[in-house]
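*Asks:* Take these sequences, add in the hints, and give me the full structure.
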Amino acid sequence: MFIPLLILRNAFRHKLRTILTVVGIVVAITAFGLLRTIVDAWYAGANASSSARLITRSSVSLVFPLPLTYAQKIRQIEGVQAVSWMNWFGGVYISERNFFPQFAIDAQSYLDMYPEFILSPEERKAFLADRSGAIVGRKLAETYGWKVGDQIPLRGTIFPGTWNFNLRGIYDGADKGTDQSTMFFHFGLLNETVKKLYPRRGDSAGLFVVRLRDPGQAAEVSAAIDATFKNSLAETLSETEKAFQLSFVAMTEAILLAIQAVSYLVIVIIMAVMANTMAMTARERSAEYATLKALGFSNAFVASLIFAESIGIAVLGGVIGIALTFPLAHAFADRMGSLFPIFFVGEETLALQAGAALLVGVVAAAAPAWHTARVRIVDGLRAVG
Amino acid sequence: MTSSDAVTSTSSAAPAVGGRGEPLVSVRNLAKYYVRGGQVIPVLVDIDLDVYPGDYVALMGPSGSGKSTLLNLIAGIDKPSSGEIRVAGVDIAGLSEGDLAAWRAANVGFIFQFYNLMPVLSAFRNVELPLLLTGLSRGERHERVETVLALVGLTDRSDHFPNELSGGQQQRVAIARALITDPTIIVADEPTGDLDRTTAQEILGLLDRLNRDIGKTIIMVTHDPKSAEKAHRLIHLEKGVLAD
Chain U
1 MFIPLLILRN AFRHKLRTIL TVVGIVVAIT AFGLLRTIVD AWYAGANASS SARLITRSSV
61 SLVFPLPLTY AQKIRQIEGV QAVSWMNWFG GVYISERNFF PQFAIDAQSY LDMYPEFILS
121 PEERKAFLAD RSGAIVGRKL AETYGWKVGD QIPLRGTIFP GTWNFNLRGI YDGADKGTDQ
181 STMFFHFGLL NETVKKLYPR RGDSAGLFVV RLRDPGQAAE VSAAIDATFK NSLAETLSET
241 EKAFQLSFVA MTEAILLAIQ AVSYLVIVII MAVMANTMAM TARERSAEYA TLKALGFSNA
301 FVASLIFAES IGIAVLGGVI GIALTFPLAH AFADRMGSLF PIFFVGEETL ALQAGAALLV
361 GVVAAAAPAW HTARVRIVDG LRAVG
Chain B
386 MTSSDAVTST SSAAPAVGGR GEPLVSVRNL AKYYVRGGQV IPVLVDIDLD VYPGDYVALM
446 GPSGSGKSTL LNLIAGIDKP SSGEIRVAGV DIAGLSEGDL AAWRAANVGF IFQFYNLMPV
506 LSAFRNVELP LLLTGLSRGE RHERVETVLA LVGLTDRSDH FPNELSGGQQ QRVAIARALI
566 TDPTIIVADE PTGDLDRTTA QEILGLLDRL NRDIGKTIIM VTHDPKSAEK AHRLIHLEKG
626 VLAD
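As given, the protein sequences belong to chains U and B, one line each in that order.
Each residue of the first sequence is one higher than the one before, counting from 1 in the numbering used here.
Each residue of the second sequence is one higher than the one before, counting from 386 in the numbering used here.
It is worth saying that the hints were derived from the structure and are not from the lab.
Any given hint might turn out to be false.
[Said to hold, decoys possible] Footprint (simulated), chain B over chain U, 3 or more residues, beta carbon under 8 Å: (1) 248–256; (2) 262–273; (3) 295–305.
[Stated by the list, open to error] Straight-line distance between alpha carbons at most 25 Å, and here's what the computed SDA-like set of lysine to any residue pairs gives: (4) B:Lys464 / U:Lys15; (5) B:Lys615 / B:Pro447; (6) U:Lys15 / U:Phe307; (7) U:Lys15 / B:Ser507.
[To be verified] Anything over 12 Å on all C-beta distances counts as not near chain U; from chain B, calculated: (8) Gly406; (9) Ser467; (10) Val475; (11) Asn501; (12) Asp598.
From the three backbone atoms N, C-alpha and C, an ideal C-beta is built for every residue, glycine too.
*Replies:* This is how it looks when you write it as structure tokens:
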């Protein structure tokens with residue numbers, strides 16, 4: 001315990017300096033973790049997508065619907081196992097501030113295609129049986145305090161009018177990467193209502209979801225679907241679900257790059273601050289390190305003392321920073337509402353945070369350790385701390 | 386076991402105060418120079434010197450005469466430009482840096498003008514520090530430290546940190562640290578330079594006892610004639626050359 005004690009006491013010799021350094025590392029590691037989590041949240045949809053599913057939409061724009069009759073044609077294409085369809089609803093719950101995604105879905109086929117949305121058999125049955133029924137994710141239900149049996153009124157924006165839904169089920173995600181902030185209701189209800197009000201807008205879907213027999217055939221099946229509808233009035237664009245999700249991320253790529261750059265910049269800044277601290281520390285102790293060398297301790301031993309102290313401080317700051325990331329991310333997610341439906345500190349982020357803290361410790365100690373190991377004993381003994 | 390017994394029991398140098406025979410330290414044709422701005426600055430020139438087991442030698446001379454450089458070379462913390470330094474038969478000038486460090490740990494006890502204690506360690510742990518380089522168990526180390534602290538009269542101060550000790554007490558801790566590994570030679574660079582006259586006399590008395598009672602070979606640099614009086618041999622250096 002002698003050497004660890006020496007390192008520990010050295011580390012806290014200048015308490016204020018060490019505490020400020022640790023605080024700096026805590027802030028940097030926490031900020032790094034939070035920014036990484038935000039970036040991860042951006043990619044969450046893409047990461048949660050299945051490689052066995054394709055999305056087929058209008059080749060012109062997502063806002064143009066496709067005829068519902070396409071479903072039958074797509075189903076007949078080689079390599080297609082199942083087809084479902086959905087429409088973005090865009091309703092408002094009480095006020096515009098309460099944003100959450102709502103989709104009209106072909107319930108039976110959609111739920112079969114997305115086994116990651118887990119409903120109890122009773123709730124599934126109740127939802128399928130009620131044309132005005134809806135299901136919501138657990139997180140969304142908790143946000144608004146909904147329970148099964150509640151009525152959820154939505155004010156339509158794309159599809160005007162007041163829409164009342166009966167909450168028939170609350171689904172859970174198969175894993176924490178599954179979106180639990182979405183509301184689903186029956187496409188049939190939407191289609192019938194739209195046909196009554198705007199006959200020309202009926203029998204059309206925003207997009208089709210296609211399940212492949214073999215995920216390895218995604219490119220061939222996509223091409224086959226698009227070829228089927230080539231030169232029609234509504235040409236299609238088919239792509240994997242991941243590519244579809246990433247196309248949304250690409251719209252904000254510049255912001256993401258900026259966030260990522262800032263997250264790494266924070267680490268570089270604290271690395272420079274820490275390196276300065278360690279250089280100052282080693283310079284002040286030149287005579288002590290020279291004394292250790294005179295007593296017979298090796299250059300490597302003296303260098304290892306500096307590395308151990310630096311890594312110790314960095315790891316302490318890193319551990320506190322990592323621990324603080326969780327409540328901070330939670331508070332951030334609460335504040336953001338449903339903007340980030342999937343928001344959690346991932347294992348990769350934790351590993352990166354730990355790695356960054358370790359890197360800060362090692363890099364900060366490198367120059368002073370190298371210099372201290374190389375300095376001649378007689379020169380070190382002459383140094384005034 | 387008395388304090389003296391504990392230290393002398395493993396002594397590698399035969400205690401023969403002022404005795405002759407094979408020199409413990411043998412310096413031949415030693416030179417040290419620095420190159421500054423392309424100019425060669427000689428610090429030590431053609432030094433021949435023998436120090437015998439049990440000697441108490443005072444190196445004297447004005448500032449810049451090279452006395453500390455000579456001490457550093459004998460102690461193995463500096464390398465000569467040319468010449469030979471043999472200590473207990475080992476040519477230390479030819480040792481690699483790693484071997485030299487191990488040699489210092491086993492053979493040299495250092496006493497510095499400003500004590501050079503680790504401020505974050507207690508007196509006890511400061512004295513124990515050099516023993517970490519030995520294979521001694523914790524219990525053996527502690528036994529030795531207690532013995533040596535008793536020898537320098539600091540048993541009751543073992544838990545104190547350097548900043549809680551007076552200058553004289555700190556120097557006694559440093560002397561205990563120098564003694565703890567039972568080194569072949571003790572080198573002291575201006576050991577009383579930072580002390581008042583009374584405390585200086587106490588330290589010099591302690592060094593004298595170590596030499597007389599335990600037979601420690603001591604090489605001390607000083608510019609103070611009063612301090613040098615305690616030594617058995619005075620060696621004067623003038624501009625890098627032995628004056629006598």
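*Asks:* Does each hint hold? Answer for all of them.
*Replies:* Okay, the hints, checked on the actual structure:
Three residues within the 8 Å Cβ limit are the bar, and the stretch 248–256 of chain U against chain B gives 0, so the coverage statement is violated. Note: the stretch 262–273 of chain U has 0 residues with beta-carbon separation from chain B under 8 Å; the three-residue rule is not met and the coverage is violated. Only residues whose beta carbon comes within less than 8 Å of a beta carbon in chain B count, and the stretch 295–305 of chain U has 5; three or more means the coverage holds. For the proposed pair B:Lys464 and U:Lys15, the alpha carbon gap of about 38 Å is over 25 Å, so the pair is violated.
Among the hinted pairs, B:Lys615 with B:Pro447 is consistent with the structure: their alpha-carbon atoms are about 19 Å apart, no more than 25 Å. Between U:Lys15 and U:Phe307, the direct Cα distance comes to roughly 18 Å. Compliance with the 25 Å bound is thereby established for this hinted pair. Of the pairs offered as hints, the one joining U:Lys15 and B:Ser507 holds, with about 18 Å between alpha carbons and a cut-off of 25 Å not exceeded. With 12 Å as the threshold on Cβ separation, the claim that B:Gly406 sits away from chain U holds: the shortest Cβ distance comes to roughly 28 Å.
Distance to chain U confirms B:Ser467 as a non-interface residue, since its nearest Cβ pair spans about 18 Å, more than 12 Å. With 12 Å as the threshold on Cβ separation, the claim that B:Val475 sits away from chain U holds: the shortest Cβ distance comes to roughly 14 Å. Not every CB of chain U is more than 12 Å from the CB of B:Asn501 (nearest about 4 Å), against its label as outside the interface. With a least beta-carbon separation of about 24 Å from chain U, B:Asp598 lies farther than 12 Å from that chain, consistent with its non-interface assignment.
Hint compliance for this structure: hints 1, 2, 4 and 11 are not met, and every other hint is.
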